[in-house]
Every structure is written in structure tokens, then in C-alpha cells.
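Enquirer: First to last, the sequence lines map onto chains A, B, C and D.
Each residue of the first sequence is one higher than the one before, counting from 52 in the numbering used here.
Each residue of the second sequence is one higher than the one before, counting from 52 in the numbering used here.
Each residue of the third sequence is one higher than the one before, counting from 52 in the numbering used here.
Each residue of the fourth sequence is one higher than the one before, counting from 52 in the numbering used here.
Some clues are possibly wrong.
If chains are identical, the list can't say which one is meant, so a pair holds when it fits in one copy or spans any two.
Claimed, not checked - 30 angstroms max Cα-Cα, derived DSSO-like pairs, lysine-lysine:
id, residue 1, residue 2
1, Lys142, Lys113
2, Lys83, Lys340
3, Lys340, Lys261
4, Lys261, Lys360
5, Lys113, Lys368
6, Lys368, Lys274
7, Lys340, Lys368
8, Lys261, Lys62
9, Lys368, Lys314
Calculated from the structure, these hints are not laboratory results.
Residues per chain, in single letters:
Number of protein chains: 4
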Amino acid sequence: MAKQFRKGSLKNIDNTGFSTSNNTEGGRLTNKDGSINLRKTGMPFWERISLYHTLLRLPRLKFLLAVFLFYTVLNTFFAGLYILIGVEHLKGLIPANDVMTNFEQAFFFSSQTLTTVGYGHISPSGLQANIIASLESFIGILSFALVTGLLYGRFTRPRAYLLFSHNIIVAPHRSERALMVRLATYKNNHLTDMEAQLTISMYIYDNGQKVRRFFPLPLEISKINSMALSWTLVHPIDENSPLYQMSYEEIADANIEILCFLKGFDDHFSNIVQQRTSYTFNELVYGAKFLPVFHRSEDGSTTILELDKINAHEPAKLPEFEKSALNA
Amino acid sequence: MAKQFRKGSLKNIDNTGFSTSNNTEGGRLTNKDGSINLRKTGMPFWERISLYHTLLRLPRLKFLLAVFLFYTVLNTFFAGLYILIGVEHLKGLIPANDVMTNFEQAFFFSSQTLTTVGYGHISPSGLQANIIASLESFIGILSFALVTGLLYGRFTRPRAYLLFSHNIIVAPHRSERALMVRLATYKNNHLTDMEAQLTISMYIYDNGQKVRRFFPLPLEISKINSMALSWTLVHPIDENSPLYQMSYEEIADANIEILCFLKGFDDHFSNIVQQRTSYTFNELVYGAKFLPVFHRSEDGSTTILELDKINAHEPAKLPEFEKSALNA
Amino acid sequence: MAKQFRKGSLKNIDNTGFSTSNNTEGGRLTNKDGSINLRKTGMPFWERISLYHTLLRLPRLKFLLAVFLFYTVLNTFFAGLYILIGVEHLKGLIPANDVMTNFEQAFFFSSQTLTTVGYGHISPSGLQANIIASLESFIGILSFALVTGLLYGRFTRPRAYLLFSHNIIVAPHRSERALMVRLATYKNNHLTDMEAQLTISMYIYDNGQKVRRFFPLPLEISKINSMALSWTLVHPIDENSPLYQMSYEEIADANIEILCFLKGFDDHFSNIVQQRTSYTFNELVYGAKFLPVFHRSEDGSTTILELDKINAHEPAKLPEFEKSALNA
Amino acid sequence: MAKQFRKGSLKNIDNTGFSTSNNTEGGRLTNKDGSINLRKTGMPFWERISLYHTLLRLPRLKFLLAVFLFYTVLNTFFAGLYILIGVEHLKGLIPANDVMTNFEQAFFFSSQTLTTVGYGHISPSGLQANIIASLESFIGILSFALVTGLLYGRFTRPRAYLLFSHNIIVAPHRSERALMVRLATYKNNHLTDMEAQLTISMYIYDNGQKVRRFFPLPLEISKINSMALSWTLVHPIDENSPLYQMSYEEIADANIEILCFLKGFDDHFSNIVQQRTSYTFNELVYGAKFLPVFHRSEDGSTTILELDKINAHEPAKLPEFEKSALNA
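Produce the entire structure from the sequences given, and follow the hints as far as they go.
Expert: So this is what it looks like as C-alpha cells:
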């Protein structure tokens, strides 16, 4: 009972953008990749999605496949048009009795027009064929501009490239306990003016009722000038922590989710980049400490950061709860 | 009289960028789409408009039409030039007695040059034709670069994609009244670090004269970390509100306009995005409450947001004005 | 004497980036277009200029001319190469005894290769011609990419498009005097979160010596939410002003320059934009007031802003200096 | 001893992003060009590098070479494919018994397809050749889009173009000593809202143990409105400085590294730009003063900044340490 009282005295926050009701939202709030676990309805599909956002997020292979498909469909469409008006209007093309052969030739003429390669051994002749070919090269330029723009946009999209430890750990820290997450940039990018924010979503008893509340998890250091090496976020579990004096079982019962938000400035993109992730109870390791992740190179001239050890931790004994606090 | 006194004690603001004079501005201040209701004169048209801003804002269909028109006009212009120097300078073209046929062929040769498809069954011959063709392909590349750049710029323009409730409502809220607007992102975009600002423009009596004044409408929560679900902006109509104790008739008389300004950071654009709208008295619903807009999915694994219910509200009885306040 | 004392008690600022020494800098500090009046030496020209900055700032006509020149020079260069290896390696070209005719044909073949139009009535034959043509089309694509990128970059460069009044005026204002500048956006762009800053550079007597000092000129309103209409920057000339109680002659003697800095957020560029200008004594009008610049449209539905009246002002009698202040 | 005590009373900072342990990091922390002296391991090479960051940072010549290599390799690959299916499928190509001659012709046909120049004197014939050519022009457009995008991205990448003095000097300053760095923009770019930050990394004795600590070096002026001329960063070595009363030998022993961070807003890029550098003990000049770097032009109309004098300094006698301080 005493614990609930103390917890109640901590100020919960209501500006997370999530609802505090515990029967309208389903599943985890934020997915591991930082996206919100939400589905939207009530609007036609095409108005509800941003094609640009979708195409930026598509995995690389799927994107290339989509582009290739688009190219093929467009070619097929125009080949169909040339067949429709009669392939005899394509000078240089030898009409065959076989529709497939004609289609083949029309298809390749179309692709030469769409890409503006225009060899010219086949060329449009007559008003209809010329109109179609003229339109096709016009459409080809416009659509290739979109496609190549997207390709470049994907390639150059500002991203934080942060690697988070898979687990969030409860570690001994200065005779107390602390919650820790470790992270590093895993590419040859450099971030400055980094800010980190941890927020916990947990169920507490309010007048005997189980309700969801959000609390900030204050960090020992929440801003660093430069993401030079790795960074371990440390939230000391002291009187200002909503997790103060909570046992493993109590944490399990609270249906926690820890939202992790990172923000920085990328030198080369000259842009602010963000990355989010979240940890549920399944990803919490109770009683552990992180193993070193960087060391001096053998010749002493540089520092080496081992990215595969970002989550490396070993069991560690946690300090007991203070008696006085328990009695309070 | 007492009311006017109280209202006068609220600090009005003069940094909205709008004038406080009520006889120089006409109509509503801000249009529903967030643009300013203003016309500029006194400068030549072409210096007064930013072609880029205009082309970005043009509806999609009109934009594509404009581009197509531009392509046709450019082709026609160059076809005219080829006719002028004589189509016999286009090798491979069979001159006809019919001007229309010649123009047709020159037009399509022009389009092949402009798009750089250059089949080559027709090719320029002689100095004049070569100079024109060389210029045309040069101009073609430059103008298609602008057009395709614009197409891509439109496609990737950072936008907030916010859906606002059509109405602003006066709803019961914690034994008081509150002004509420509801909004959500309607695409698969994700905004963080959201800020909202409501400002009211209203006519008040100052020394017996009706003058326009601007007041901020403080929000219970004006910043949220993440635009995760929907967001209801809540302005409590208490002693700090310029609308405190105002009856429906008094609000109607005040010729109000509520300016609504939203700002956030888009993850994928990595850019700040803004959206504005405004509500006049016609869009105010006095005595209503919003119906739920999201619920848990049937399998409990995610949350569902119904965008078509963003404006859904039902009549609600407003609490009476406090007696003490009326007597004050 | 008393005046110098009072002025001395105002805090001058030393973070303008300009030097306070009055014998190392020459002419006005900031040009009318906002650029710094400075020349750099001691580095080779090409290391000292940013080609990108230069090409962005070039007037439109000069830029197009430069691009056209670049295209011509590149064509001439490659035409020269084809002549060098012998025009007989260009199949389809009819070699002439006349060098000029050969050059002409080589030049146009080159332009067809550079723009990738490639009609094909002339085509490279043999190793040398093929290598050159292959390189040329490669270089053509790369250089046209730069050129078209620049063209688009110029077209879409975030700019504030602010129109400043040509004069800065000393106007009567609430029984005092005030320094005023008026400005408006002259295109169909919309700026929000505007900030303005006025700084004065002036010579004062410090221990009998004439030295340059910088003072901020505090504005009545220095931030507005939205650049909706026009904006008049008002600096009241009161006890906190470095110009307090200064006569016209004293101002003339102080060799003043008023630096004006504006900053805002453009909705469509989704970017911060800035614009600077400066006013010297020649551009100061002592005793005037601005005439109205906007009015309601005839049908009352909108507001009209007359850009050609942004500098419109008429003579106005300034209030006398307060006696008490003069006696102080 | 007294000194160590005093130093201990200064607040060291732990948010630099570097580790304070002195046996895990090797060599200098930050390289002269501002990059972090760090090597990453534990992830496959391709996942560990951002191709985009790498290609942006590559020196210009290397980049152009890489692009040319890419073009050649792609051409060779497709030439190989045409050889494989038989060059007789390329109409217009005269098959030779010599493989090299065939390859040559296939290679140049490939380059005409890749760049979409498509003269057409050679053209694909038959299903296989057409499929390959169709794919090649498609791939050509996509890869040239990436390459030209990168070329333009490199050309327009927001950069600060700051030139730092090679040395950091300890100079006499207002009867004290001060640490000084001088810098200027060396291109025709203009930066506003500049911020500078100096941080020192040094070894101090903590309980008899040598440990690394970081201290801020407060600047007299750390923000300027406009990077108008040159800027001399001045850190007064007073009681608030970690270097207070330290002799040359003591500084040498402390294994210092001074991290220098600059940030500003570029008008033309409309973007924040940053630049970093660092100074080790080898780059410190003890007892010197900077020589003037700008002067008035002969005609008095402008100011001249001599970039080659940015590091120009001459020996200068430093004021003695205050006795009282030493006794303290």
C-alpha cells in the first residue's frame, strides 16, 4: 500500500500522445522498429496512405521489384496500344502473323521510346503511332524522373543509424539499481547534439482500479555533445523513479513498456535525425551489467568499437532495497 | 458591464501579424485551408507571384495539364520554326503539298528531339535545321529538368497531413465548459514533438467602441511527444479564457474567428511541418461532445483509428455558469 | 556632455561579428541587398569561391548565358576532337574539303551525343571515334545533371521574398518619436514565426575619442506569429534608445548604419528563411509617417495589400524633446 | 597541491560523448578535420558503412574515378552478355573472327544503350538481345540517376567552409592570459547566428591517480550574429579556467586536447552548418599574439580580409601569474 502511495506522488505525464485508457488500445504501443502500433480506417485506401512515405519505407528489394514491375506494365500498356492501331504503323518492324511476335517487337519499341534510347531501326509512322510515341516518351521522362528521384531519395534519406542493445537491463549502479540501455551509431555517420528520452508506460492501482499511466524516466545524462563512442543511457532507480523498490514480480505485473527516443544532428545530412524503439517486459534483464564495448587498438593510435557487443551483458547481483525505504 | 471589465483585464496580444483595426480587413482572416485571405496589388503579376509556390500548390490534375500544355506549346513552336526554314531540311521527311501534313511531321520530329528520344528516321540537315535541333534538345533537357524536378518536389513536399474536425465544439469538461477541436494524421506519416496553438479574434467594446482584439486560448496540453493516435485540443473556458461566461448570443455578436496552428517534426521528411486552419462562428457547435474515434482491434493486438469519425459528436448539456462568477 | 554620459550607460554589444575599430573597415558594413561589404584575398581564386554559392546568386539571364556558353564550349571541344581524328570516322557524315563544313557537321554530331538525342544518321565508327563518343555521352549526362540540378536549385531556393521600405523614418509615436521600417512579403509565399532585429552602428565619443559602437534597437513587437499583412517595425526612441534626444545634426554626425535582420519559417519550403538589409543616414527620413498600405476590398470579402505603397510616407511633425530629459 | 585542489573545484563535464577512462581510448580523440578517431568492428563491412556518407566524403578526383570505373564495369558486363548470346543479334554490327573486335563493338553499343544516346546504326534484334538492351537502358537510367544525384549532392552539400588558425595560442589579454583561436569563412558564403564551443580534455590527479577529465573553456563571446569578418575565440585563463596558473610544463604534462566546435546558419543553403577541429599540445603556441588579418581597402570603400594571415602571430610576453593567486 505504501508503495502505491509513493508512486502516486510522482507526477505522471499526459503528453505522450497515447491514451491513458487501458481498454481502447491493443498490444504494445510502439513496435520494436519505432513505428506506432496502430491501424487507420474510415478513409479510402489511396487517401489514407502517403505513397511517398510508403515507397521510402519499402525494403530495398521490394522497391526495385516494384519499379521493375512498373516499367514492365507501362511497356505492356503501350505495346498493347501499338498492336491496337496496327503494328504496320511502326516502320522497320516486320509484321508477323503471330500476335506474340508482333507484341514482342512492339514491346521493345515501346521500351526504347520510354527510356528515350530510340535506336530508330523501328520508328513510328503516321499520325496515330506518332501521337502515341510522342506521349510515351513524355510519360517516360516524367515517370523515370519520379522513380529515379525516389531511388535517390531513399539513398539519401536522413537516418540516425543507431544500434540499440536488444535488452534493457536493471544493473547495480553506485550502491543503487539503475535501468540501462546501450546504443551506438553503426555506420560511418557522426551525430552531434544528441538527446535521449525514456518514458515508461505502466499499470498502477488508482483507487483500487488498474489504470495505465506514463512516467518520465529521468536520465543521469540526457544530452551529449557528440555521439563519439557508444552511449549507455542510465536511469537511476531512486525515489524519483516510478520503479523505486519494485520487485521483479511487481514489474512483471505492471505490464510495462519503455519508450526510447533519440534525436541528434547529422553532420553530412546537415539535418536532425531521430530514432525510436521500445522495450516490453520480455526484453528486460533483471540483474545484469553491460560488458565493455570499446577498447584501445593494439598500436595505441585509435579506439575500437565492437558493434556485436552492444548487447553483451553478464549477470550481476543487485544491491538490496534499503530497509528504511521499505519501512517508510 | 462586469463582463467587459473582466475581459479587459485579460491581456490581448498584438503579434498575430493581423491588424486590430476592424475597418481595413475584409472577410475572414484565414481561409479554411490555412491560407491568408489577402490580395496583393501594386506590382506586376510576374514579380508578385512565386512560380514555384504556385506550381507546388496547384491541384494535381491542373498541374499535369499545365505540364502537358507546356510540352505541346514548345513542340508547336519548334515545329513552326522547322516549317519556316523549310521541311526539306529535315532528311527522311517526305514533304507534302499539304501544310498540315508537313506540320504534323515537323511536330513529331520536334517531340523526338525535345525528349531526346531521337529515332533518327528523320534528322536535321544543313546549318539552320541543325542549329534549331541542337537548341531544341538543349532546351528540352533544361525544361524537362524543371518539370520533373517540380513533379518530384510536389510528390515529396513535407506536409503534415492533418485531418481536423470540421467543427469546433463547446463541450462539458470537468464541471466546466471547454472549447475542443480534434485532429489526427490521416496518412501513414508519423509526427513527433507536436505543438498546438489556438488564437481567437473577437470584437469587444472598448470605451463603447467595437474593436477587434486577439487573445490566446490556453490549452490544457499544448505539446505532445508523438502524434500517436488522435489529439483533442482542449481550451477550458475558465477565468483565464476570453470566452468566460459568454452566452451563445454574445459569442455570435463577437464575430469570432479561431485560428488553429499545428507544428511537428516528420520522421521521414526529417523536417518540421506545419498546418493551419480556422473556425468561424458558423463552425462552432455549442453544447456537444466528441464520440470515441479509436478502439482496440478484435484480436487485441493493435489499435484502430476511425478517420471518418474525427468530427463525430453528439449533443451534450453544458454545465450552468457559476452564480458567484455572474455576480462578480 | 550629459547626453554622452547617458549613452555611455547603455550597454553596447560586441557580438555583431563586425569590428568596433573605426579605421580598419571601409565603407558601409552591409550592402543594401544584405551582403557584407568585404573582399577576401590570400587564397587562390578557385579555393576562395564556392561555385555553388556563386551560381545560385547569379542573375537569371547571366546564369542561362553561362549555361549556354558551357554547352557551346563543350560541343566545340568535342567537335575539335572529331576533326583531329578525322571526320571520316563519323559514318554518315559527308567529308568536305572545307574545314568549316566538317567542323559544322562534327559540332552537330557532338551536340546530338552530348544531349543523348543520338539521331543516328551520323554515328561513330572505329575505336577512336567510339571512345570519344562514349566519353562524350557520359560527360554529357554528368554535366547536364549538374546544370539542370542548379537550374532547379535556383528555382526552388528558399527565399523570404521580403520587400522593405526604401527609407527608415523617424515618426511621431504615442507622444514620443520612433524609428520605423515597413516590410511585406511581395510574392504568394507565407511566412510564420517571424523575428526582426534592428542593430545600429554609430560613432560615439569615448574619453574624447570617436569610436564605433553597436547598440541593439529594441522593438515594440519583435516577433509575430504570421506575416499575414505588412509589418511595421517600431523602435521607440525613449531612454533605452541610443538615439534618445539626438538631434538631426547629431545623428548625421554619428555616421550611423542600421542593420535590419528578418527571419521566418516558410510553409511551402518548410524551411527557415532570412533576409537582411541596412539603412545609412542617407536613407533616413526625419519627421514622417507611413501612409496606409492595405484596405478592405470593395465587396468586403478580402483585404488588399498595395505593394507599391510600402515606402509611402508623408511629412509629420515630431513631438518636442521633453524638457526634463534635456535638463537631466 | 593547492592547484589540484582548485582544479578539482571546477565542475568537469561528462556529456562530451567521450569516455573519461584513460586506458580504453587510443591516440587523439578528434582528428584535425573534425572526424572522431575511432574504428568500428563486429559487423559486416557493408552493413557498417553508409555508402552515401562515404561517397559524399570521397575527394573529388577519387569520386570521379569511381564513377568512371562504375560506367566502364557496367559497360563491360553488358558487352559480355551480348558476346554470350552472339553478336549476330546486334543488327548493323559486322561480326569479326576476332573476339576483341566483337567485344569492342558490343562495348560501344552497350555504352550507347546505357546513356540512352541510341544512335541506332547498331540495334538489338531478336528476343534475347532486346531483353538485354531493354534492361540495360532501364538500369542505365536508374544508375545514372544515382550517380548524377550524388554528383549534385556533393556539389550542394551544406558546408561551413571555415578556415581555422593552425595554432591555438596563449596570448596576453587585458592584463591576463587567454587562449585564442582565429577563424574565418574562406569562401563567398555567409554565416549568421554563429556559436562556438571549446572543450578541453586533460589528465588531472584525482586522489593521486591520473585520470582524464573534460572541462568547458568559457569564451568571452561565444555567439555572434553574423560571421562578417574573422572571429577570434577568446578564452580568458582566469579562476574559472581549468588552465589557471598552469605553467607550460604542467600543460605539457596534462596531455591536453582542445575540441573546437562551430555552428551557424548558411543563408544560401538555408541550413545549419557545423565544423569541428581539435588542437593538441603540439599545436599550442605559448606566448604569442595574432597579427591583424583585415584592413581597409585603399579607396576606403570596402574591407579586405587576408585569408593567408589567419594563423599569422608573433611572439608576445605573457603577464606574470598573480602572486596572490599563487599563494592562495
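Enquirer: Each hint should be assessed against the structure and marked as holding or not.
Expert: To see whether the hints hold, each was checked on the structure:
1. For a Cα distance limit of 30 angstroms, the shortest separation of Lys142 from Lys113 qualifies neither inside one copy, at 37 angstroms, nor across copies, at 35 angstroms.
2. Taking the shortest Cα distances, Lys83 and Lys340 sit within 30 angstroms of each other inside one copy (22 angstroms), while across copies they are farther apart (35 angstroms).
3. In the homo-oligomer, the alpha carbons of Lys340 and Lys261 lie at most 30 angstroms apart only across protomers (26 angstroms), although the nearest pairing inside one protomer, at 32 angstroms, exceeds that limit.
4. For a Cα distance limit of 30 angstroms, the shortest separation of Lys261 from Lys360 across copies, 28 angstroms, qualifies, whereas the shortest one inside one copy, 39 angstroms, does not.
5. Taking the shortest alpha-carbon separations for Lys113 and Lys368, neither the intra-copy value of 47 angstroms nor the inter-copy value of 54 angstroms comes in at or below 30 angstroms.
6. When the C-alpha separation of Lys368 and Lys274 is checked against a cutoff of 30 angstroms, the pair qualifies only within one copy, where the shortest distance is 29 angstroms, while the shortest distance between copies is 40 angstroms.
7. Taking the shortest Cα distances, Lys340 and Lys368 sit within 30 angstroms of each other inside one copy (9 angstroms), while across copies they are farther apart (53 angstroms).
8. Proximity of Lys261 and Lys62 under a CA criterion of 30 angstroms is satisfied intra-copy only: 17 angstroms inside one chain copy versus 42 angstroms between copies.
9. In this homomeric assembly, Lys368 and Lys314 never come within 30 angstroms of each other (Cα to Cα): the closest approach is 33 angstroms inside a single copy and 45 angstroms across copies.
In summary, the structure is inconsistent with hints 1, 5 and 9 from the numbered list given earlier, while agreeing with the others.
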